[in-house]
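Listed below, chain by chain, are the residues.
Number of protein chains: 2
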Amino acid sequence: MEVDEPVGLPKLSRVAVCGGTHGDELSGVYLVREQLKQSKRKEADHEEPTPVLMVLSNPRATQQCRRYVDTDLNRCFTRSVLDGPTSDTDPYEIIRAKELNAMLGPKGSRGAVDLICDLHNTTANMDLCFIAYSDCDWISLHIFKHLQRQMPDTPMRFIHLDVSNKESYSLDSVGKHGFAMEIGPQPHGVVRSNIYATMKVGVQHMLDWIRHFNSGSVFDGGFVDVYTVVKNIDYPRDGETHNITAAIYPSLQDRDFCLLHPGDPLFQTFSGETLRYKGREPLYPFFINECAYYEKGIALSLARKKSVMIPAIRMQTDTEERACDWSFTSEEEE
Amino acid sequence: MEVDEPVGLPKLSRVAVCGGTHGDELSGVYLVREQLKQSKRKEADHEEPTPVLMVLSNPRATQQCRRYVDTDLNRCFTRSVLDGPTSDTDPYEIIRAKELNAMLGPKGSRGAVDLICDLHNTTANMDLCFIAYSDCDWISLHIFKHLQRQMPDTPMRFIHLDVSNKESYSLDSVGKHGFAMEIGPQPHGVVRSNIYATMKVGVQHMLDWIRHFNSGSVFDGGFVDVYTVVKNIDYPRDGETHNITAAIYPSLQDRDFCLLHPGDPLFQTFSGETLRYKGREPLYPFFINECAYYEKGIALSLARKKSVMIPAIRMQTDTEERACDWSFTSEEEE
Numbered sequence: 001m002e003v004d005e006p007v008g009l010p011k012l013s014r015v016a017v018c019g020g021t022h023g024d025e026l027s028g029v030y031l032v033r034e035q036l037k038q039s040k041r042k043e044a045d046h047e048e049p050t051p052v053l054m055v056l057s058n059p060r061a062t063q064q065c066r067r068y069v070d071t072d073l074n075r076c077f078t079r080s081v082l083d084g085p086t087s088d089t090d091p092y093e094i095i096r097a098k099e100l101n102a103m104l105g106p107k108g109s110r111g112a113v114d115l116i117c118d119l120h121n122t123t124a125n126m127d128l129c130f131i132a133y134s135d136c137d138w139i140s141l142h143i144f145k146h147l148q149r150q151m152p153d154t155p156m157r158f159i160h161l162d163v164s165n166k167e168s169y170s171l172d173s174v175g176k177h178g179f180a181m182e183i184g185p186q187p188h189g190v191v192r193s194n195i196y197a198t199m200k201v202g203v204q205h206m207l208d209w210i211r212h213f214n215s216g217s218v219f220d221g222g223f224v225d226v227y228t229v230v231k232n233i234d235y236p237r238d239g240e241t242h243n244i245t246a247a248i249y250p251s252l253q254d255r256d257f258c259l260l261h262p263g264d265p266l267f268q269t270f271s272g273e274t275l276r277y278k279g280r281e282p283l284y285p286f287f288i289n290e291c292a293y294y295e296k297g298i299a300l301s302l303a304r305k306k307s308v309m310i311p312a313i314r315m316q317t318d319t320e321e322r323a324c325d326w327s328f329t330s331e332e333e334e
Numbered sequence: 001m002e003v004d005e006p007v008g009l010p011k012l013s014r015v016a017v018c019g020g021t022h023g024d025e026l027s028g029v030y031l032v033r034e035q036l037k038q039s040k041r042k043e044a045d046h047e048e049p050t051p052v053l054m055v056l057s058n059p060r061a062t063q064q065c066r067r068y069v070d071t072d073l074n075r076c077f078t079r080s081v082l083d084g085p086t087s088d089t090d091p092y093e094i095i096r097a098k099e100l101n102a103m104l105g106p107k108g109s110r111g112a113v114d115l116i117c118d119l120h121n122t123t124a125n126m127d128l129c130f131i132a133y134s135d136c137d138w139i140s141l142h143i144f145k146h147l148q149r150q151m152p153d154t155p156m157r158f159i160h161l162d163v164s165n166k167e168s169y170s171l172d173s174v175g176k177h178g179f180a181m182e183i184g185p186q187p188h189g190v191v192r193s194n195i196y197a198t199m200k201v202g203v204q205h206m207l208d209w210i211r212h213f214n215s216g217s218v219f220d221g222g223f224v225d226v227y228t229v230v231k232n233i234d235y236p237r238d239g240e241t242h243n244i245t246a247a248i249y250p251s252l253q254d255r256d257f258c259l260l261h262p263g264d265p266l267f268q269t270f271s272g273e274t275l276r277y278k279g280r281e282p283l284y285p286f287f288i289n290e291c292a293y294y295e296k297g298i299a300l301s302l303a304r305k306k307s308v309m310i311p312a313i314r315m316q317t318d319t320e321e322r323a324c325d326w327s328f329t330s331e332e333e334e
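Chains A and B, in that order, give the protein sequences. Each residue of the first sequence is one higher than the last, beginning at 1 in the working numbering. Each residue of the second sequence is one higher than the last, beginning at 1 in the working numbering.
Heads up, some of the hints might be wrong.
Copies of the same chain are indistinguishable here, so a pair counts whether it falls within one copy or spans any two.
25 Å max Cα-Cα, derived DMTMM-like pairs, lysine to aspartate or glutamate [stated by the list, open to error]:
#1 K200 - D254
#2 K200 - D162
#3 K278 - D234
Read the hints as simulated data drawn from the structure, not as lab findings.
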């Protein structure tokens, strides 16, 4: 292969867009509902259906406008949970995770859908983020680069969770490729027109890119900034009650992706004291004051930024015998 | 009485500040917790205790970080609920409302505390608001005027719910005087330092004013703008599923208290259509896109603004036999 020869990658035939994985993150809920309504209308009018699977992931939590009913669905897609024994007394989300894995996976198998885009909202001021388990999945990175170019007024970041495929826990890990599309700030349980519109446009550009890819277009290589998560920081808490004793410092609030330096103010206690960042290395904060992470013990996450070179790509032709860029172990074969 | 003679009003001996009436509105929760902690410390140090009753209104909902467990506590303080029969199967908040009424009331009786300030947050961009059932309660209006003067950088409005004392439903209606102090925008389940600080300063100025009043200071009269609620508007909804089919229009979002004119855009449907305000009268919108009101069928409230003249006041002396400015029916006497 010559240096400038585009990398050939398999066609993305089956694509799923999921909303309501967290039932109170409403942009995805209303986006999926609207698309399902349009599909119904198209079907009634005998029009060509949209070739994308739209999924409302957690209908019971969505009905109650809560993140989850029994347990966080988006932590249930690990190998151990999906392969674990099934019981009538399983929490609702464990049952639902296995259903979704049967529908969109099985995770890690040849039968899994080619790509899952899972729609999320955050109360943090993060604009539009892709969150993925790989920093070398050329498909996700190329889609991200495409959105960056098409939506120049929307700040956009690519977050990399450095977790093995076995330990990966979120719905998007069930597809051959996948990422969460996370947009904020928006309070959970609220839908804001601007956030909804950004998500809708982002999904449209993603589907456009996939259509072009599947029709044989060649995409130039280039560079993408990737934020790899280094660690999480919890709120200061009362030793006895475990209640938080401080809030995010005013000058840090809403400053997601602005470099945090050693000694910078981090928290303001409820009695007025300032607590500072004691790390040795400047890092990029994000998920600052995300509502759903109080219970997970995360006040903010910190990441290191690097520039990743991505190659030119195109869809591989039928005659190419090049193996897929993912591998299967024999027991995962269907 | 001469025109300029200050109106004499009874001393405010017993004052309650309540937080966590809605368990996920966190500024009040952490403010009350912090004050209770300070009181404990003062007690241990044999210092003079703060002469204010600090109350965590809905501990069970606060524990779960939810608005309520069974039903909205802040709709339970009507005569019919408080005087209704008691049963073991009553929703938790009904039981708790009766406990709070016994502690701070009984509502409408001479035994009730003199003033209740109930702390709330909203996801709407409302800055600091007082919400009260009267537009001629000189105590609440004077406290409001004091805060306006002391906190010139904080936009502040006085909202009047035109509901009879019998029908009044919120915790603050249990005191002889009372109001909700509502501050936003803040997502429910989140605490933001700036909102917490505004609430803390607001409460401090209120308590300062009460101390001055109780020590005999005379307060000049003047004018206060009062927003009287005229009506609420619901989201457009699907006839079958009752799901909302539109979000607040982008140009209206966060524009609480900016006059809405007939024909102005109100909603944007999820398919992209614009729906306009069909009222005949320009009115002031507020509680625009409040998270907790989706289930109540309120997308926004609309108010008429008027200027209310308030008289000069001072505490009435022991020798003054002037009757209180509230009345009691015989069956409400203790």
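Quick rundown of the hints versus the structure:
no. : hint        : verdict
1   : K200 - D254 : both (23 Å within a copy, 21 Å between copies)
2   : K200 - D162 : neither (28 Å within a copy, 41 Å between copies)
3   : K278 - D234 : within (13 Å within a copy, 48 Å between copies)
Hint compliance for this structure: hint 2 alone is broken.
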